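Student: As a plain string of letters, each chain reads:
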Amino acid sequence: MDSMKRYFVFALSILLVLCLTGCWGNKEIEDLSVNVGLALDVGEESELEQELAKEGDSYPKKNLITATLQTVPVLASKNEQQSSTSKSSAMYLNTEETGDSVFQLYRQYSLRRYRPIIGHHLKVIVISSELSRKMDLEKLLKFILRDNDIRPSCLVLISKGKASEALVSSQTGDIPSFHLRSMVENQFRNNKILAPMILTKLDGIMNSGSSFVLQNLVSAKGEVEFAGAGVIKGETNKWIGTLNEHEVEGLTWIKGEIEGGLIKTYDKSGEVLAYEIKSAKTKIKTKVHGNDISFHVSIESDGRLIENWDTSQVPTDDKFLKEAEGYFEEELKEMLHKTIHKMQDVYHVDVAGFGNKLRIQHPKVWKTVKKDWDETFSQSDITYDVKLTITDYGSSSK
Amino acid sequence: MFTRTDDKITTAQTVVIISCYMLGSGVLTLPRTLTERVKTADGWISLIVGGLIVLLAGICIVKLCQQYPGKTIYQFVQEIVGSWIGSCLSTLMILYFVAISAFQIRVMAEVTKLYLLEGTPMWVIVMSFMWIGLYLITSGINSMARLFEIILPITIVVLLICMFLSSEIFEIDNIRPVLGEGILPVLRGLRSTVFVFIGYEIMFILPAFMQHPKKGVKAMIIGTSIPLVMYMITYIMVVGALSVDGVVRSTWPTLDLMRSFEITGLLFERFEFFLLVIWIMQIFSTFTITFYAASMGLAQLSKRNIQPIMYGLIPIIFIVALLPKNMNEVFDFGDFIGSVSIYLFGLLPVVLLLITKIFKKGALKEDG
Chain A
19 MDSMKRYFVF
29 ALSILLVLCL
39 TGCWGNKEIE
49 DLSVNVGLAL
59 DVGEESELEQ
69 ELAKEGDSYP
79 KKNLITATLQ
89 TVPVLASKNE
99 QQSSTSKSSA
109 MYLNTEETGD
119 SVFQLYRQYS
129 LRRYRPIIGH
139 HLKVIVISSE
149 LSRKMDLEKL
159 LKFILRDNDI
169 RPSCLVLISK
179 GKASEALVSS
189 QTGDIPSFHL
199 RSMVENQFRN
209 NKILAPMILT
219 KLDGIMNSGS
229 SFVLQNLVSA
239 KGEVEFAGAG
249 VIKGETNKWI
259 GTLNEHEVEG
269 LTWIKGEIEG
279 GLIKTYDKSG
289 EVLAYEIKSA
299 KTKIKTKVHG
309 NDISFHVSIE
319 SDGRLIENWD
329 TSQVPTDDKF
339 LKEAEGYFEE
349 ELKEMLHKTI
359 HKMQDVYHVD
369 VAGFGNKLRI
379 QHPKVWKTVK
389 KDWDETFSQS
399 DITYDVKLTI
409 TDYGSSSK
Chain B
1035 MFTRTDDKIT
1045 TAQTVVIISC
1055 YMLGSGVLTL
1065 PRTLTERVKT
1075 ADGWISLIVG
1085 GLIVLLAGIC
1095 IVKLCQQYPG
1105 KTIYQFVQEI
1115 VGSWIGSCLS
1125 TLMILYFVAI
1135 SAFQIRVMAE
1145 VTKLYLLEGT
1155 PMWVIVMSFM
1165 WIGLYLITSG
1175 INSMARLFEI
1185 ILPITIVVLL
1195 ICMFLSSEIF
1205 EIDNIRPVLG
1215 EGILPVLRGL
1225 RSTVFVFIGY
1235 EIMFILPAFM
1245 QHPKKGVKAM
1255 IIGTSIPLVM
1265 YMITYIMVVG
1275 ALSVDGVVRS
1285 TWPTLDLMRS
1295 FEITGLLFER
1305 FEFFLLVIWI
1315 MQIFSTFTIT
1325 FYAASMGLAQ
1335 LSKRNIQPIM
1345 YGLIPIIFIV
1355 ALLPKNMNEV
1365 FDFGDFIGSV
1375 SIYLFGLLPV
1385 VLLLITKIFK
1395 KGALKEDG
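Chains A and B, in that order, give the protein sequences.
Counting in my numbering, the first sequence runs from 19 upward without gaps.
Counting in my numbering, the second sequence runs from 1035 upward without gaps.
By construction, these hints were calculated from the structure, which means they are not laboratory data.
Note that the structure is predicted; figures quoted are calculated from it, not measured.
Backbone N, C-alpha and C define an ideal beta-carbon position, used for all residues, glycine too.
Chain B regions said to be covered by chain A (calculated; three or more residues, Cβ under 8 Å): (1) 1144-1152; (2) 1209-1220; (3) 1271-1277; (4) 1287-1295.
Among the chain A residues that face chain B by a calculated CB cut under 7 Å, a handful are: (5) N166; (6) T218; (7) D221; (8) G222; (9) S226; (10) N374; (11) I378; (12) P381.
Produce the complete structure using the sequences and hints provided.
Tutor: Spelled out as structure tokens, the structure:
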């Protein structure tokens, strides 16, 4: 009887061995394609795809979107086919797929590459302005927002030219997606960079129906640059135009998103003057009189006189400092004027968050004007005053 | 009958049990369910008001139980309303506890499947969870209380850290204006706050185990305040980051908040797994308490030993947990439980208390 029991315990413990297999469903990270970037363009089959299609790669689809999936790592193996856009020395692999459903395009990937794609590390999505002019952003991003692997911390950018070109780099060892992701962090160096628009925020904005801007990219010869912003109309979630770099500067001032940067202008003799922003504060006050809604923007900033080409003027002279402040204020007002003009008269959209201020300061009024806000905004009066103070002139006093 | 004389809990343990019961799966969906109703960012005020209402109901329960020292609701309800209605009420409560434990386990399994263990069959997750829960509750309320004493501080610290780290995507404008549309939105939200405060009804049972039942009200107040503060912080941080329009679109907004940022240079870069793992412990505590409350109800109602009943409940909870066919049914199930809770534990204690006060049943007899 006792030996029976021992046999039984022994048999049971052998069963336990089954539990020791650990993660039998594991996948080595080297054997996965880690999707780090996604570019969405207007559907146009690449040469390779056309040839593949000729050989028999076809399924029911409309060629609306061309998705470029950027994956890492690239193995040294020569067997792996690489698409025309990536060079053999590159650290990344760009795969183009054309079709309609973004999800299907992701799954089509597995028909061409043996390493399965995973979305956990998707850093950046670039959408071409051409595509977003034609298609609702929500349609393009629905899959991305729903997927349980892709994180909503992913960054969304617009590109003036082809989006796939923004995911190319001529520098060896550089992974364009990481590059773009990190470049957004440079906000403290340049106020032409907008606060990062991550999927989480974008989802909320798209649902609220208000218009917004996304950082714009331009690319040439394998170099990518942040240049201005793409304007997305809230009603349709479609691209309607761009703000240039100067207007984006004005926009960051209005939005109060300044973390650093500069104002450059010229004095009366045409010499360069530059102001380094140390702190900036923006206040927007809304006023409601019956049907008239008006805004007053007041900006206060402290900074440093960092460059003046007219060496006959010395910053130890208070008069010169006052004069310089005047030039900078003039330039900033000019900037604000251009930005507001572009929003109100050219695009008829509010992308600077005036509506948000109205919502907070006059919730009841906001409810009534919410629906047609972009139009109402275009008719409203906006005044501004700026006060720049030069607090110091760095380590050179003469 | 299964009542061990040494199986008593301190006042602090009572607090911990109440808090652990309240902090359950609700926090994962709270910002959405609340905002869907409130439609502004004023949900945190609803939480305060909701918390106070729940507290009142809870105090009624405690007062009621204090009239019958050493007895649980299952034992004294028959003395108040007679054995027929009493048994019916007890049965309802047992069903309710079974439903909650099944719901908690299902939500836990759904979230785990989505974010942690994609590909693991649902029944494996549910089963392992249930067996461990069973192991815990077989040794009585004292062991449970001690485990919760370990879990609760960890939960609070982790939640606070996670919420604090999310401050980089927090925008104060998203939770302004306060009361921009008046008090009405706040009242609309009250109903969905009740669900996250489910747990006060455990005071129908706990005073019987307390060393100092007189301190029941104090325990109730502290036990409710801890979750209230946690919920408010969570709500404000989630809505502040996702905005009112964003939060209503997210299935699991609290997890989406965690998924919306990465911290480089810290020990962990992604915090949703961290929060989720901790939160599974919290769901576990809710599950075990309700499981225990249900088995005890059955044991006291049928006057049998509690152990076999615990084993017997396992398949029932398992089946109920797997009943909802999709996410919509899961959420509907949750709503249903919430409504039942309002009627069963919002009104019942007041009615019972009135009956005892008016007819002077029970209390005097018991004292004498």
